[in-house]
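A.B. asks: Start from chain A and add chain B according to the hints.
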Amino acid sequence: MFYREAGQFKTSYAADQAIFPIAQDRWFIAALLAVAYVVVPLTADEYWFQALLIPFLVYSVAAIGLNILTGYCGQLSLGTGGFMAVGAYASYKLMTAFPELNLIVVFLLSGLITAAVGVLFGIPSLRIKGFYLAVATLAAQFFLVWLFNKVPWFYNYSATGQITVPEAALFGITLTGPAASPVAKYLFVLATVTALALFAKNLARSRTGRCWMAIRDMDIAAEIIGIRPLATKLTAFAVSSFYVGIAGALMFAVWLGSAEPTEAFNIDKSFLVLFMIIIGGLGTILGSFFGAAFMVVMPIALKNLMVDALGFSTGVAEHVQIMLMGALIVFFLIVEPHGMARLWQIGKEKLRLWPFPY
Amino acid sequence: MLFFLETTISGLMSGVMYALVALGFVLIYKASGVFNFAQGVMALFAGLTLAGLMERFGLPAWLAILATVAVMTVLAVAIERVVLRPLVGQPHIILFMATIGLAYVLEGAGDLIWGSDVKVLEIGLPQGASDLLLDKYGLYVEKLEAVAAVTAAVLVAALAFFFQKTKVGRALRAVADDHQAALSVGINLNTIWVIVWAVAGVVALVAGIMWGAKSGIQFSLSLIALKALPVLMLGGFESVAGAIVGGIIIGIGEKLAEVYVGPFVGGAIESWFAYVLALIFLLFRPQGLFGERIIERV
Chain A
317 MFYREAGQFK TSYAADQAIF PIAQDRWFIA ALLAVAYVVV PLTADEYWFQ ALLIPFLVYS
377 VAAIGLNILT GYCGQLSLGT GGFMAVGAYA SYKLMTAFPE LNLIVVFLLS GLITAAVGVL
437 FGIPSLRIKG FYLAVATLAA QFFLVWLFNK VPWFYNYSAT GQITVPEAAL FGITLTGPAA
497 SPVAKYLFVL ATVTALALFA KNLARSRTGR CWMAIRDMDI AAEIIGIRPL ATKLTAFAVS
557 SFYVGIAGAL MFAVWLGSAE PTEAFNIDKS FLVLFMIIIG GLGTILGSFF GAAFMVVMPI
617 ALKNLMVDAL GFSTGVAEHV QIMLMGALIV FFLIVEPHGM ARLWQIGKEK LRLWPFPY
Chain B
380 MLFFLETTIS GLMSGVMYAL VALGFVLIYK ASGVFNFAQG VMALFAGLTL AGLMERFGLP
440 AWLAILATVA VMTVLAVAIE RVVLRPLVGQ PHIILFMATI GLAYVLEGAG DLIWGSDVKV
500 LEIGLPQGAS DLLLDKYGLY VEKLEAVAAV TAAVLVAALA FFFQKTKVGR ALRAVADDHQ
560 AALSVGINLN TIWVIVWAVA GVVALVAGIM WGAKSGIQFS LSLIALKALP VLMLGGFESV
620 AGAIVGGIII GIGEKLAEVY VGPFVGGAIE SWFAYVLALI FLLFRPQGLF GERIIERV
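From first to last, the protein sequence lines are chains A and B.
If you read the first sequence in the numbering used here, its first letter stands for residue 317, the second for the next number, and so on.
If you read the second sequence in the numbering used here, its first letter stands for residue 380, the second for the next number, and so on.
Derived by calculation from the structure, the hints in this document are not laboratory data.
Incorrect hints may have been included.
[Stated by the list, open to error] Which residues of chain A face chain B? A partial, calculated answer using Cβ under 10 Å:
#, residue
1, ILE439
2, VAL451
3, TRP462
4, HIS635
Just so it is clear, CB atoms sit at the ideal spot from N, CA and C, and this is done for glycine as well.
One chain only, chain A, in its complex shape:
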């Protein structure tokens, strides 16, 4: 009933090919954006921004990035943490070396630098496939984290080995450092995420995205019909690393404010983002958001439930959380390999027929 599309006729190709061809979807997205841009900044408090909303948005960007590589192009990567570190350190170096640089330019450049590094580590993907490649991307993970730990130039020879974000402003509004207001940070990250998600969605629907999916589904067949495997895989690595790099830069500069490579960008980050896209749904942009939301909210909810409400120790809660995370991965792979995005789709189809199931 809510989803009945009877009477919605498309009279042009543009309308037929729109991102949201159904009016209900357009209204829903418009309402969601209105809530995100207007209602949330007016109502949420600092804890919500810092513990839930900003991490969710930052991880969404990372999840979209990995989803492009793994979900759309079928190249399993376990190096996400390392690439996030590249983005973070690139933004740090840019911000300290060129304090006058516009923040948007800083983030774009950080993404581009990460893209270059990603392409470098993506080159073996032509010869190495499947598991071998997954293990090869681990080389990127360990090497990059080691590099940022050992070469003092990257952390500007600071005594602690940490990087701390300098204060920077965009259009007169302070966005980074301790002086920035959570609302400003939130709105900046939200705008970035909106733009990046829209770009990713369109890219996935374009020729590039179709090439990725052809390579994912069967690379040799794709090669025979004239898709160049190396170019396609490398664009996937480049775009994916671009997103992951921006996520890393946002995480360091806007969300955390300071970072230390072995803590913030270790291999657990790679797995966390991988879990996000498995649970959210491989090969969908929407799924990246679902997955990120779930993985950000789940630990907090579980901690509140177990430690505060039921009185378990934090250690036990942590172990249970790890177990639950693993169990959920297995559960989703068995029951719904297409993740929460598919559940959402099924829900919409049911709503279309509701209240009469047939």
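C.D. replies: Chain B in isolation, oriented as in the chain A frame:
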């Protein structure tokens, strides 16, 4: 020269340790085509169970080992029932991700049941330097590592025999080629999976004992699995011999690089050296040293 020799031998021995973990991987991959990311955590879990049984119930070592073998077998049955059976015929990459989930479950469960503090494993394995070599040639070789090397050799011989000469071994190889084809010629997939995961559990236990006796049973044990991955890439996923040779190459290369190259680039290159070595090697031989050639057609 003596220092070089000592470095090489110590690398050789840690290579054998890596190979022990890598063996468990190869076993499951060879027999079912599943790339078991949880192998390292299985070693941790087996070690934790063994140490926990001895500590909490005061069991003698041999009884505790038997009990742990039983636990690992039960675990294999559970994994087959809960994780693998519903995923028959799925792409290998899905099965791989399922084992990542499994690794997290086992890690959480092990810590929850036995506690996450470091445990000392005391089951009477020889410790300290070998006196004979030390006195005669001034060479420092750990007895424990020698024992580990011998154990690994025996395990490999037994496994090679099992795969090549027995009926079950042949069935295992058929399953690895194609789940559904193996099912259709009357191989019982479920039994095969239980057998191979149980055997891999026992190999994990051996690896857990060796590593545990060396440096205590703690979380870092599961990270050894990450060290075993480049070993596998180098040796090839389907080859028992490859696991051993790869382990030795990585072990020696890593130690030598750390000692002779490390000081020039800031040290601690052990964390990535193995991966980069394996990555460069794969560019020239994508299936690893002893891996089966991948032939692909549409």
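A.B. asks: Against each hint, give a clear statement of whether it holds in the structure.
C.D. replies: Against the structure, the hints:
Contact between ILE439/A and chain B, as hinted, is supported at the beta carbon level, the nearest pair being about 9 Å apart and thus within 10 Å. The interface hint given for VAL451/A holds, since its Cβ lies 5 Å from the closest Cβ of chain B, which is under the 10 Å cut-off. At its closest, the beta carbon of TRP462/A sits 5 Å from a beta carbon of chain B; the interface hint therefore holds under the 10 Å criterion. At a threshold of 10 Å, the smallest CB-CB gap from HIS635/A to chain B is about 4 Å, leaving the interface hint in force.
Comparing the model with each earlier hint shows no violations; every hint is respected.
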